[in-house]
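Spelled out from the first residue to the last, the chains are:
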Amino acid sequence: MTANEINPVTESRDGGKLRNQLFISSALLTSALVLVTAWIINSQVIGQVRQQVQAEVETLLPVYESVWEEHARRLSTMGASLADSPIVKLVFGSAGASRDKRTLHEMVADVTEDTLAAGDLVLMSDGSGQIFFAEQQGGVSPEIGKLVGNLEAARVAGENQKQSRGFTLIGGRLYQLVATPVLLHSGSSDINNTQAVISIAEEVNQGMAAEIKQRIHSEVVFLLNNKLYSSSLAAENEQAVFNAIQAGDLAKTAPGRSTEISLSGETHLAFARQLTDFDGKPIGQVVMLRSLVGAGKLFRAISNRLLVLWTLAIVAALALSYLVAGRITRPLEKLVVSAKELGRGNYDVEVPTGAQGEVAQLATAFDQMRLSLRQSQTALLKNERLATIGQMASSIIHDLRNPLATIYTAAEVMMNDGLPAGRRQTLIETQLRASGRMNSMLAELLEFSRGSYKLNLGRLSLAEIVRRVAQELNIQLSQLGVQFKADVTEDITLDADDEKLGRVIENLFVNSLQAFQQGGQPSGTIHIRAALDGDNVRLELMDDGPGIPDSIRERLFEPFISQGKPGGTGLGLAIARAIVEAHGGKISLANSSHGAHFVIQLPHRTVQVGGVDET
Amino acid sequence: MKLKVLLVDDDKEFRTVAALVLENAGYSVTEAVDGFAALELLHTERPDIIISDLHMPVMDGRMFCKRVRSDAELAAIPFVILSAYIETDGSNTLSDTPADYCFSKQSSFISLLPQLENLIVRAVSNSTQSRKE
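The listed protein sequences derive, respectively, from chains A and B. Okay, so the first sequence: first residue is 1 according to the working numbering, each after it adds one. Okay, so the second sequence: first residue is 1001 according to the working numbering, each after it adds one.
So that you can see chain B by itself, here it is in the shape it has in the complex (with noise of 0.2 Å):
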């Protein structure tokens, strides 16, 4: 079974080049335009990650890493946030938002991958753990 990932940027053009990567590396991509949109997929949708923009109209990433993280049922899922407002990549780059990591659209997608791939085992041995206890 293919890991799903939710990918959410305003930017027609570059959701395709991502998706088109990530469908390459094996995963099976759903696409929106903001955080409200994503949240709305939200209902239906349980993705292993998300990737999002930071700015976007209607709901920005910002806003919309806050309600995942609100919300007792979507919590757990590893939130990405990638843009070309970010200057350096690494998990703690924005503080006023609870994302896992924050990547720049400067650096090569591609490179995102490795990353990616930790994010979801993490979290899968995460949740064991959660359970176990």
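Chain A on its own, in the form it takes in the complex (with noise of 0.2 Å):
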């Protein structure tokens, strides 16, 4: 393979380097800038949704007070209905009247008239907080009636002689809480008596939670010491969310500030209240858990849609780019393959000169290059051809000038009438010597001259023809001391015109003669040898004469290159290359360390293969 040829795999693949080069660049630039404008744009948004919920948490607080109060207020007409009730301080009035636990109740029951709900506790105790009656309403829990003990709450109300409220624990349990003195006029207008306090209180449990949910549109967590109390959240969430709370570490937020916690992937805003008791001291905690999904909604949709436009915006930048590298490098790569194509000698190639701007001014540049390179090349051509056909016509000139220059002078001596016989013979046979060699140079010019050999094959022996050349050129092998050596096996036979490829064998037997003459070696030897190599008849020749100069080695077999040989045309090995091509074979020159070595390879069957085409 030369160089020219080149992979048209590997062309394909060069030329789309720079197209997917700049491809990728731009689709990564674009890409990575919508990337950042949508990080950008997404962080605005969630910060704007955090600060909507944070707002509305603000606005749930006073909402989430006023349930609370609401609640206190129901307790607290049923205290003060109760306390102050003719009844109830004809009861607590009169040392003499009865006070077991079934008068109060159908006292307690008779002034509400049963307005007390399921699950309300009511107590009842002495001015000290000593609890005299317990009960539940709708009986939830029958302990309660066995509860007794100091009730802080009534002792505070009772000294203070007024409704006191708070949250409370009884029994374990956690209890908004409103105690109501029960007060009688001790006689004077501005003094009265503390009979007893009653206290009416309702659990803050998971039907308290579900309320306060309702209202605030939040899940709602009551904590005690620390502990999860009762919360609006399903049984199987109520612990994860226990443990998103203890992470939050609420217990440290500012009061009116929110915390963020996740909660199974989604994210809510946090805030706590203190639950307190009648000193106001904190009891419990209360937490609202806000989440962020329900008012993220818009965020949501909008999300979506930029999700959606920035999808549509990458893939709009990925197709732009594409479609600009291939409109930048398109011209390029055909440009790649014109100058290739000139590359290769075509100057003929269409080069595109359709794009704009950068590209177009250097398809110009690249087509008038083109053009003036097609133009120096026609005259090179020509230039050369001349040079030949005059280096031809020199050497044919010259060649036959000297047989004539002794055919002329042979007959102006021959004028001369005083010429002795003998002198006159050796004139005639000089003569006709001269023109003989005249007509074969003539022959030889005209034979090359036609550019193809017709080849009259035969089956051949190679021994015998090496025989007769050898034996034709024997005279002079001896002239010179040169030795004649062949290795051709008797076996070896080939299709060949014999005439011809005698002619080959002979011209190189020459060439080598010839060398040791001009080298004025006093001995040496030339060595045929011939082998079957395949399909192919391998033939060499080899002397120990001074061998082929470098400055003529690349070009030897071409025609009129000698290394100033007597009496030649400087066609003999053209003439063998010629003959040898003719028969489908090839002749070189092997490298060799000493003297010449030439290699003949010939198909053992000959299909004529026509002409050489040597003008």
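Keep in mind that the hints were calculated from the coordinates and are not lab data. In this text the structure is predicted, and so the values were computed from the model without any measurement. Take these hints with a grain of salt, some might be off.
Using C-beta positions, here's what the derived DEER-type ranges look like [what the hints assert, rightly or not]:
#1 B/D1089 with A/D535: 51 to 61 Å
#2 B/G1090 with A/E554: 15 to 25 Å
#3 B/K1004 with A/N456: 52 to 62 Å
C-beta: ideal position from N, C-alpha, C; glycine also.
Put the complex together from the two separate chains, hints included.
Written out as structure tokens, the structure is:
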């Protein structure tokens, strides 16, 4: 493969490289820009949503407070109606009145007319807070009836002689409680006596949590002594939420501020409120969890749209990049193809000039270069042809002039009448030889100039041909003191033209002999050997003469290239090559340390190859 | 005594004819096939004039002429180049060869004879003069 034959696969791969690089870099750049823009918009939207939720939370806190307030009011109303009822005052005011549980139960039922809700606690204590009656409406937990002890809330209310409210623990349960003193006038107008304290309490339970949740649209969790007490959540979620709340470390959060916590992948804003007792001491905590998801519906809608837009933007950017890259590189790729074609010597290749801008300038410049190259190439070929013709003509003319000078001079001398017969005879013979030599030179030229060799093929013995040539050249061999050695076995036969193959061997032989002659070597050896080489016959001719000068090695088989031969046409080796090639074979000069070494490869079976085109 | 000519040419036929012409003109002729062989001969013989071809194997006429000119013993011998490659006769035809005269093979070889005589006479008178000095 020569340097000019470029693999088309490699070519197209090379051609796409620039386009790919342009495409990838612009695609990466545009995608990165789109993503950065998306990230900025995203964070803006999330910030907005967070602010919105924060603002919502602030409006929800009064709602939350009002829930407690409503419940407290109900308890307060109940307590007041009981404390102010004449029956109650009578029961607690007269020392003889029965205060057994049954009487008290009926009294409560009569006064409240069953308006107490199931689960409400009714506690009665003396002014010091000592409980003497306790019952729960609806009999939810009968053990309440056995409740004894001191109720701090009742003591405070009894002492202050006014209602007090707050959260408290009763029997391990958390209650919102309102304690109302039962007061009797002592006689003087502004002094009252606390006869008893009636406390009505409502448990802070799941129902309460659900109610608050409904009002403020947030999950509600009650914490007691840092443990989950009750919540609006489904039982299976409670523990996870509690853990998340712990992680959020709400205790340290400033009142009114919220903390972000993550619940099963959703972000929530959590805010806490203290539950305080009658002295204002914290007794528990309520935590409200506002999901951002609900409030972030707008955000989701926006981000979904943005996602679609971003995807479209990226796709559009990629398509645009591809088109731009293609637009830039396609004319270049065409130019590359043209340049490669030009490199192969096709000066008529079409150069695409349809592009715009710098590429168009490049294409135009390239086309001008092509035209100028074509022009100079044409001129060069013409000059080379003229030079070759000149060289040929000069070589032929001078070569013919030598024998012609002999003939002319001989004729001139023969015009002298007084020439002795012996000398006249010599001159005639010389003229004959000189004109014979001219004839054979002209015949050789004519044959070569025809450019084709018609082969008269026959099955030949190579050994026989070599013997015949050696015989013909025997005199010259012995004159020069050159030994001849042949290693050609009798079994080597091939399809060839007897006379022409003989000429090839003879020409190589003569070439070697002339080299010996020129080198002034007193003796030497010419060695011919032949062997079968696959489908070919390999014939080698080696001599130990001066060898082929490097200056003509490359062009040795071209016509009129010679080492300064005496009286030849300079066509010997060119003719040898033409004949070998007509047989479908090859002739070459092998590298050798000394002397010349020619190698001829001839097919065992020859199909007439036709002609050689040597002009 | 005959004047001696050294005739150097690789073309055997031409040598034969030229030698015959020269001998007819009264010269004694010694032949050589190339410059190298001619230089060998010059060790033992001293011709009165040298006629040499230009294109020859081993040592061509140019090199041979230069070698003769650079040898003090031989430098004075008149040197004539005779070649098919020369178009016009004259003393300055080949600028790179210090020959006394160049002769084209297109011309009649017989017409060279007076020129040969002139060259020999001039050479003899030159050598006589230099001896006097």
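Each hint, compared with the structure:
no., hint, verdict
1, B/D1089 with A/D535: 51 to 61 Å, "holds (60 Å)"
2, B/G1090 with A/E554: 15 to 25 Å, "violated (37 Å)"
3, B/K1004 with A/N456: 52 to 62 Å, "holds (54 Å)"
The earlier numbered hint that this structure contradicts is number 2, and it is the only one.
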